[in-house]
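Asks: Sequence:
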Amino acid sequence: MDKDMYDFMAVDKQATPRVDRGIALHKMIRLITMGLGGEGYLNFMGNEFGHPEWIDFPRTDQHLPDG
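Quick note: the sequence shown uses numbering that gives the first Met the number 0, first residue 0, plus one each step.
Calculated from the structure, these hints are not laboratory results. Some hints could be false.
What the hints assert, rightly or not - The calculated label-pair distances, taken between Cβ atoms and stated as ranges, are:
#1 K12 <-> L63: 39 to 49 Å
#2 G36 <-> D11: 34 to 44 Å
#3 D19 <-> L63: 26 to 36 Å
#4 G36 <-> M0: 17 to 27 Å
#5 D6 <-> T59: 47 to 57 Å
#6 P64 <-> I31: 37 to 47 Å
#7 F56 <-> M8: 44 to 54 Å
#8 M33 <-> H62: 36 to 46 Å
#9 K12 <-> T32: 25 to 35 Å
#10 G34 <-> D11: 31 to 41 Å
#11 G36 <-> M4: 24 to 34 Å
We put the CB at the ideal spot given by N, CA and C, even for glycine.
All chains should be built: construct the whole structure from the sequences, respecting the hints.
Replies: What follows is the structure in C-alpha cells.
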C-alpha cells in the first residue's frame, strides 16, 4: 500500500485496487488472529502496544474525582 495509504484512503477520494487489497489483507489477518487467538488477542494487544508493568485500575485510595 505504501504511499497510497496516505493519498487514497480519504472519504472523498476513490480507493485504488492497491488500497482495497491492503484493507482486505488487514481484515483477513484480524479474522485469523481473533479466530485462533480467542481471548488471548486482547492480552496480546495490551502487552504488545502498551507495555504495562501493571494495570492500575481506579481505586478508592487514589482519591480520584468521580466522573
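Asks: Now tell me if each hint is right for this structure.
Replies: Hint-by-hint comparison with the structure:
1. K12 <-> L63: 39 to 49 Å: Holds: the Cβ-Cβ distance is about 43 Å, inside 39 to 49 Å.
2. G36 <-> D11: 34 to 44 Å: holds, 36 Å
3. D19 <-> L63: 26 to 36 Å: Because 45 Å falls outside the window, the suggested range is violated.
4. G36 <-> M0: 17 to 27 Å: With Cβ atoms ~24 Å apart, the hint holds.
5. D6 <-> T59: 47 to 57 Å: holds, 50 Å
6. P64 <-> I31: 37 to 47 Å: holds, 42 Å
7. F56 <-> M8: 44 to 54 Å: violated, 36 Å
8. M33 <-> H62: 36 to 46 Å: holds, 38 Å
9. K12 <-> T32: 25 to 35 Å: holds, 29 Å
10. G34 <-> D11: 31 to 41 Å: holds, 34 Å
11. G36 <-> M4: 24 to 34 Å: holds, 25 Å
The structure does not agree with the numbered hints 3, 7 stated previously, though it agrees with the rest.
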